[in-house]
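Visitor: Following the hints, position chain B against chain A.
Number of protein chains: 2
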Amino acid sequence: MVDYFKSLIQPDIRQMVRDRDKAGMAALIEVMHPAVAASILEDLYDAEVWAVLDNATLHNRVEIFEYVALRRQEELVKQLDQRRLSELLEEMSPDDRVDLLSRMPAERVEELLRLIAQAERNDIRRLLSYDENTAGAIMTTEYASLPVDITVGEALLRLRQQAPDSETIYYIYILSASRRLNGLVSLRELILAREDEQLANIMEPDVIRMNVGEDRENVAQELARYNFIALPIVDDDDRLVGIVTHDDAIDVVQEEATEDAYRQSAVEPLRDDYEDAPFLTILWNRGFWLLALSLVAIMTAGMLGLYERATTHGSRNAPEDLSSMLIILFLPLVMASGGNAGSQSATLFIRMFALQPADAAVPGTEFRVDRRLVVRELMIGLALGAALALVDAFVVAAGYGLGWWPSAGASQDLWRSLVVGVTVLLIVLIGTGAGTLLPILFRRFGMDPAIMSNPLIAAIVDVLGVVLFYEVAMAIL
Amino acid sequence: MVDYFKSLIQPDIRQMVRDRDKAGMAALIEVMHPAVAASILEDLYDAEVWAVLDNATLHNRVEIFEYVALRRQEELVKQLDQRRLSELLEEMSPDDRVDLLSRMPAERVEELLRLIAQAERNDIRRLLSYDENTAGAIMTTEYASLPVDITVGEALLRLRQQAPDSETIYYIYILSASRRLNGLVSLRELILAREDEQLANIMEPDVIRMNVGEDRENVAQELARYNFIALPIVDDDDRLVGIVTHDDAIDVVQEEATEDAYRQSAVEPLRDDYEDAPFLTILWNRGFWLLALSLVAIMTAGMLGLYERATTHGSRNAPEDLSSMLIILFLPLVMASGGNAGSQSATLFIRMFALQPADAAVPGTEFRVDRRLVVRELMIGLALGAALALVDAFVVAAGYGLGWWPSAGASQDLWRSLVVGVTVLLIVLIGTGAGTLLPILFRRFGMDPAIMSNPLIAAIVDVLGVVLFYEVAMAIL
Chain A
1 MVDYFKSLIQ PDIRQMVRDR DKAGMAALIE VMHPAVAASI LEDLYDAEVW
51 AVLDNATLHN RVEIFEYVAL RRQEELVKQL DQRRLSELLE EMSPDDRVDL
101 LSRMPAERVE ELLRLIAQAE RNDIRRLLSY DENTAGAIMT TEYASLPVDI
151 TVGEALLRLR QQAPDSETIY YIYILSASRR LNGLVSLREL ILAREDEQLA
201 NIMEPDVIRM NVGEDRENVA QELARYNFIA LPIVDDDDRL VGIVTHDDAI
251 DVVQEEATED AYRQSAVEPL RDDYEDAPFL TILWNRGFWL LALSLVAIMT
301 AGMLGLYERA TTHGSRNAPE DLSSMLIILF LPLVMASGGN AGSQSATLFI
351 RMFALQPADA AVPGTEFRVD RRLVVRELMI GLALGAALAL VDAFVVAAGY
401 GLGWWPSAGA SQDLWRSLVV GVTVLLIVLI GTGAGTLLPI LFRRFGMDPA
451 IMSNPLIAAI VDVLGVVLFY EVAMAIL
Chain B
478 MVDYFKSLIQ PDIRQMVRDR DKAGMAALIE VMHPAVAASI LEDLYDAEVW
528 AVLDNATLHN RVEIFEYVAL RRQEELVKQL DQRRLSELLE EMSPDDRVDL
578 LSRMPAERVE ELLRLIAQAE RNDIRRLLSY DENTAGAIMT TEYASLPVDI
628 TVGEALLRLR QQAPDSETIY YIYILSASRR LNGLVSLREL ILAREDEQLA
678 NIMEPDVIRM NVGEDRENVA QELARYNFIA LPIVDDDDRL VGIVTHDDAI
728 DVVQEEATED AYRQSAVEPL RDDYEDAPFL TILWNRGFWL LALSLVAIMT
778 AGMLGLYERA TTHGSRNAPE DLSSMLIILF LPLVMASGGN AGSQSATLFI
828 RMFALQPADA AVPGTEFRVD RRLVVRELMI GLALGAALAL VDAFVVAAGY
878 GLGWWPSAGA SQDLWRSLVV GVTVLLIVLI GTGAGTLLPI LFRRFGMDPA
928 IMSNPLIAAI VDVLGVVLFY EVAMAIL
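Chains A and B supply the protein sequences, listed in that same order. Residue 89 in the working numbering sits at position 89 of the first sequence; the count goes up by one each step and never skips. Heads up: take any position in the second sequence, counting from 1, add 477, and you land on the working numbering.
Excised from the complex, chain A in its bound form:
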């Protein structure tokens, strides 16, 4: 729905920017949900984004900015001078601003902190100190808290003062003078209770809490298990230091699922979404694993060489024997290269689809994939194929030299290594192509793209690998 709305409204916004129609921009921003505004602004040029946001109130500007993807936030803040940036940071919620700061160069952060009020500064330094995968890194410090010795009526009064600053006021934490967590009362219980009731009588004293150093995945799982809106995070002395809210937990669950899906297909997890990640990062995070897997496949070839030598007792020497020896030895390497590269592509696209569901509800908006992503994926396939081909051809040639597999004469061995290299290049390209296009086709026709499982892509690539290997061998040798 948002994508549809986006395509309608972006040209209007661009026109408003050109016309410097401040009133129009201000009005438009006020009526949209900040998440919708963020999603529309993300695709504009940096200067346009700020031209629009400058017409919003600071509060609204920050709210919209917080919904922008982290990598885009990083780009956008480069356009701001120190003063405007520190203003933005001061207003941002503690967890979101620390996420942004942790991606900025340390010197810039230090300069910025000097411009930020003392209290906020300490908060930022503390949150920045927690390890990336812990509760501390995802919690916010803006929670609602009350002392134990007041009545419900007083509690409601105080809550009204805290409300604008708290991420949620639906759970209120009851703290001792030393900020130890003594209890919890929900806003629901609070408005149901009599005004003169003591808070101590209606609070739940046995609060489920987690330590600030706990793995963020565990925190998300616990929150999900209890259906909580927020989970309190305490330090080693049981003092409340923050809360993790339901929306952060759902983000963690999605990010961890993406990381696991990537790892399972031998893609080192990316810091950004696949569509936003830099070309070279994707290349490295995949190439690294493909090369490692290639080396295991070389071991397979070595093992095949050993057995072939043992079973044929050196009786082979006709040229056709030696060429089928080439196939025996290196077909597993060829198949694994194509299959693995294809699985990587399929996983990246299938996971991307899973995180961006189709707008089935809006008539007239059919499923489309950004063509640039497909082209980029094929370029990555080409680069991966070339890198693997070079390494594999070199190792195969070296293996002939070192006697890992039966030689057919030095010059013939070099040609054979070339056959392996060329075949690997082509099969990786085919694998990447199949891994990209088959899930897209399945999705297009309304089927679950995940049916194009990694083993199925690999099996298809296997059949093609055989054809390719023989054809290349016949063409070159």
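Some hints here could point you the wrong way.
[Said to hold, decoys possible] Residues from chain B that face chain A, not an exhaustive set, calculated with beta carbons under 8 Å:
#1 Ala738
#2 Leu770
#3 Asn817
#4 Asp925
[Claimed, not checked] A few chain B residues that face chain A, going by a derived Cβ cut-off under 7 Å, partial list only:
#5 Arg637
#6 Leu664
#7 Arg702
#8 Asp724
#9 Arg740
#10 Gln741
#11 Ala743
#12 Val773
#13 Thr777
#14 Pro809
#15 Ala927
#16 Pro932
#17 Val940
#18 Tyr947
[Claimed, not checked] Covered stretches of chain A (chain B as the covering partner; in silico rule of three or more C-beta atoms under 8 Å from a C-beta of chain B):
#19 163-177
#20 186-192
#21 254-268
#22 327-333
#23 339-347
#24 442-453
Keep in mind that the hints were calculated from the coordinates and are not lab data. Fair warning: this is a prediction, and the values are worked out from it, not measured in the lab. The beta-carbon is built from N, C-alpha and C at its ideal position, and this holds for glycine as well.
Guide: Structure of chain B alone, referenced to chain A:
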């Protein structure tokens, strides 16, 4: 933390049941969070569970029951007579009871519905009618709603009456007389507003909503995108029919991630968690795909047969040539079988770990895997291996008969088919073993089990596959 607590308290509970210590059981149940109580009770015998729950108030009993896993709920209700079951169902929240009813035989549901009050009955029938994957199937009908023409003070009064029945009262939906969705006001805004303010002035009129037929995955994604606590669900006439809450959305995100992870590794999604799913279901949901992939590998063998015949011009007939022909043709089949079975095991265990994080925070509780699960997985590997071995040996023998690959004489062909069958059986066992044990070992030593990616398992199985294939061939032929 819960697991640790569980092991401490379960023996005490069992003792209380034996002693019929009603007061003790009632007291224990009252102090625990219902999710904790559910997790402790789940592992007791059915009769024990009800012996304990009978001492809780109906409200509390239902709350605990709702936290019990669906498959366990299904078993437990078999112990209840119609009257007690209908009492339980009437008190359950609409979405949870429909999940349970949709797993019960249609006749039993009809009998039960007769015992349930008219209003509830209609609600149940309506919710049961929605397709499993839609918003309608995950929404609850217990939301808080108000008319537009009242003041904030009146709204708070009415809300206090609705509170006990609503799943959440933090978002209140403003409805027209015909139940059309006109606006939204949060409880936070409500308690911040002046008592004599008109609701119409503080409500957000532009409410993001979704249709009851929308894919549940899209609903969860939208809720996550906007950081909502709940998302209103409307029918085609824009009348409010239910809400999807944040805790249901997080469950959907986890379930969909599990389904995708399974599909990606060629496991047909299971209705229950892996640990609870029936043996035969797991066998079928994996064997089905393994067989299909096997057939593609047979095509690969056929392709290899074609090329081998073309390139060797029929010059092969020495026995050692024909035995290396056996390896060439069927090595891809052997490798794919072992690799795919191994990937399935690895995915099932890695995903199970992801959904049950380690209790790192509690000293003395080290990571343990239920040994029965490992044994069951190896039994599944044995059954899968046997099934694949039979089918593959048969198809290979048939292929010799039909001339798909060069024959070496009828009796020799049968022996060769036997070699393929035996090797497939062994490699599937090895694949399953590696896919099960390597992630467990990695997890045990505190590393991410997902590093044991499917391609890595497959590569390891490939090396072993070569050794195995030659050894079996040499032993049998």
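Visitor: It remains to establish, for every hint, whether it holds in the given structure.
Guide: A quick look at each hint next to the structure:
1. Ala738: Hint on Ala738(B): holds, closest Cβ of chain A at ~6 Å, below 8 Å.
2. Leu770: 5 Å, holds
3. Asn817: Hint holds; Asn817(B) Cβ to chain A Cβ min 5 Å, cut 8 Å.
4. Asp925: Status holds, d = 7 Å.
5. Arg637: OK, holds: Arg637(B) within 7 Å of chain A, min 6 Å.
6. Leu664: 6 Å, holds
7. Arg702: 6 Å, holds
8. Asp724: Asp724(B) check passes; min Cβ-Cβ to chain A is 4 Å, inside 7 Å.
9. Arg740: At about 4 Å, which falls below the 7 Å cut-off, the nearest Cβ of chain A leaves the hint on Arg740(B) intact, so it holds.
10. Gln741: 5 Å, holds
11. Ala743: 4 Å, holds
12. Val773: 4 Å, holds
13. Thr777: Hint on Thr777(B): holds, closest Cβ of chain A at ~5 Å, below 7 Å.
14. Pro809: It holds, given that the least Cβ distance between Pro809(B) and chain A is near 6 Å, below 7 Å.
15. Ala927: With Cβ-Cβ at 4 Å, under 7 Å, it holds.
16. Pro932: Holds: closest Cβ of chain A sits about 4 Å from Pro932(B), inside 7 Å.
17. Val940: Holds, about 5 Å.
18. Tyr947: Cβ of Tyr947(B) sits 4 Å from chain A, so the hint holds.
19. 163-177: That given contact holds, which follows from 3 residues of the region 163-177 of chain A lying within Cβ reach (below 8 Å) of chain B.
20. 186-192: holds (count 4)
21. 254-268: holds (count 10)
22. 327-333: holds (count 4)
23. 339-347: As far as the region 339-347 of chain A goes, the hint holds, because 5 residues have Cβ atoms under 8 Å from chain B.
24. 442-453: holds (count 4)
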